[in-house]
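Fit chains B and C to the given chain A structure using the hints.
Chains as they are written, first to last, in this note's numbering: chain A, 1 to 181; chain B, 1001 to 1187; chain C, 2001 to 2142.
Treat the hints as calculated values from the structure; they're not laboratory data. Please note: incorrect hints may appear among the correct ones.
Covered stretches of chain C (in silico footprint by chain A; criterion: 3 or more residues with CB under 8 Å from a CB of chain A, positions within the stretch not fixed) [unchecked claim]:
#1 2084 to 2098
#2 2127 to 2137
Computed Cβ-Cβ distance ranges for the label pairs, DEER-style [as the list claims (entries may be wrong)]:
#3 1023/B to 161/A: 16 to 26 Å
#4 1173/B to 109/A: 50 to 60 Å
#5 1095/B to 109/A: 52 to 62 Å
Every residue gets a Cβ at the ideal spot worked out from N, C-alpha and C, and that includes glycine.
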Amino acid sequence: MSDQNAGSGSQPSPINGADPDPHDMIEPDSNDAESHLEMDAQLRDVIDDYMGTFKPAPEDTAGVRERILALVRQDLYRGPSTQLQTETGNQFSISTASVRSIVRDAVDSVDGIRARSVEVEPAGDPQGSAARVRVSVSIRAGIAIVTAAEVVRRAVSAGLVAELGIPAVEIDINAEDVHVD
Amino acid sequence: MTRRDDHFDIVTLVVRAREGDIDAFESLVDRYETKLLRFCLRTLGDQQDAEDVVQDTLVQAWKSLNALAEPAAFGTWIYRLASNKCTDQLRKRMARPADVQDPDDMSVHPDARASVEKSVEARTALEHFSEVLATLSSEQRVTWVLHQMEGLSYAEVARTLGISEGSVRGRIHRARAAIIEGMEGWT
Amino acid sequence: MSSQADGVNPNRKVGVAPAGIDFDELAASLQLTESVTSVAGVRALAPGLRDLVATATAKVLRRAGGEPVGVDVTSRGEGVNVRIDAHLDASRSVAAIVDEICAVVEAGVATGAVDAAGAGVAPGQLEIDLRVVSRSPSSVGR
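Extracted from the complex, chain A is given alone in its bound form:
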């Protein structure tokens, strides 16, 4: 890319030392990258005006957002389910998204850890009386993985019992990424 002063485009060299008049542009060679910038300079004002015309109003954005989320929520309610059963033997079905949410919240509650992918499978005997959990996480730079995994494991175990009422038989934590807060 040729170096240009931002916004000024390239100008033909002045013949007599005066500043070149932008309206005296030489017929641009269509293959010349500089000439494209010259073309754009002519239209800069009208392009800027045009761009300025379209500023989405906050209430419009909010309206679209609400409609999107309502549709997404409906879709979510039709999603897959996980079959579990309570300690007293009552079987029930729960949206898989809800179970994942419980695990995610438990993982996120640990400082410096962000839950990513969550997998919960019915386990135990009878099937569904316990849960097998696999979680992938991103951990904050500087945190020791082994210690963190243990803290997460305990948080998930406690969270499942408190929020779901079903114990975990296995909790597998995989640190797949590092982040900086």
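Frame of chain A; chains B and C shown alone:
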């Protein structure tokens, strides 16, 4: 409303959203909605059409997040979905000439073949510019807006639209030529 | 959706189940809807995700222009089937709410189901099909 996931990286948000985390999806919507709406407004020139495209794009994104191989490419992917819908919308318009429209509003004239040199309705360079944009092909228009107004480089436009850089260059060149010619005497 | 003219599946009779159990599906549904909704932690009941039009319950519970909301009760050959799709809040563990819903349904059905001689129906003939559709933080109202 500040949520914990307001600062999450894109990959985390996408991975969570595709597993049903609606809060994560909401964060994605928050990050991209305004940009997408502005892009669609500039491309389509019509408020209602732009809102419909943005809504359809984001709902489709939710339903097909699993089709996105690289969560990190969410931004490019969402622009591609929106661009394709804008192109479809523009094509539909061009196939339906002579819809009656208020010449004073900023919407694009549906009849792309109308002569713009002797446009009686356009009183300002801006209005005339809108009409000139309407004469571009759908592909040229979407490509040009992505580059010129959204500020994407040729390479980024190529990636977004899933076409070669050469094709991008060609479309931009033709769009520029048409715009320069159409705006002759107006700037 | 069902194409039945009056919205009622002729195989599902209100009042008499084939095995001789005298059971009023509609009354049971109305009563159970009220008692299940009263269980702490139940935010709302959702329309069933399967075809609801085929039951007398759904027909009566259908609000003007809306989807029927409530506990769906059908009595068939062997006993009674109760289907519930529930939105919960986060005030209690899911299992605790599930247990209470089941207890409430068992009690309600036992009260309502009598055989020809007027004796109660054994709970073993009761099938509860319970699905937790969502679970929201208690502070979110929806």
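Cross-check of the supplied hints:
1. Judged by the Cβ-Cβ criterion of 8 Å, the region 2084 to 2098 of chain C is covered by chain A as claimed, because 6 of its residues qualify and three suffice.
2. Counting residues of the region 2127 to 2137 of chain C whose CB lies closer than 8 Å to any CB of chain A gives 8, which reaches the minimum of 3, so the coverage claim holds.
3. A hinted range of 16 to 26 Å for the beta carbons of residue 1023/B and residue 161/A is consistent with their spacing of about 23 Å.
4. Checking the proposed 50 to 60 Å range against residue 1173/B and residue 109/A shows it holds: the Cβ atoms sit about 55 Å from each other.
5. Range check, residue 1095/B to residue 109/A: Cβ separation about 55 Å, and the 52 to 62 Å hint holds.
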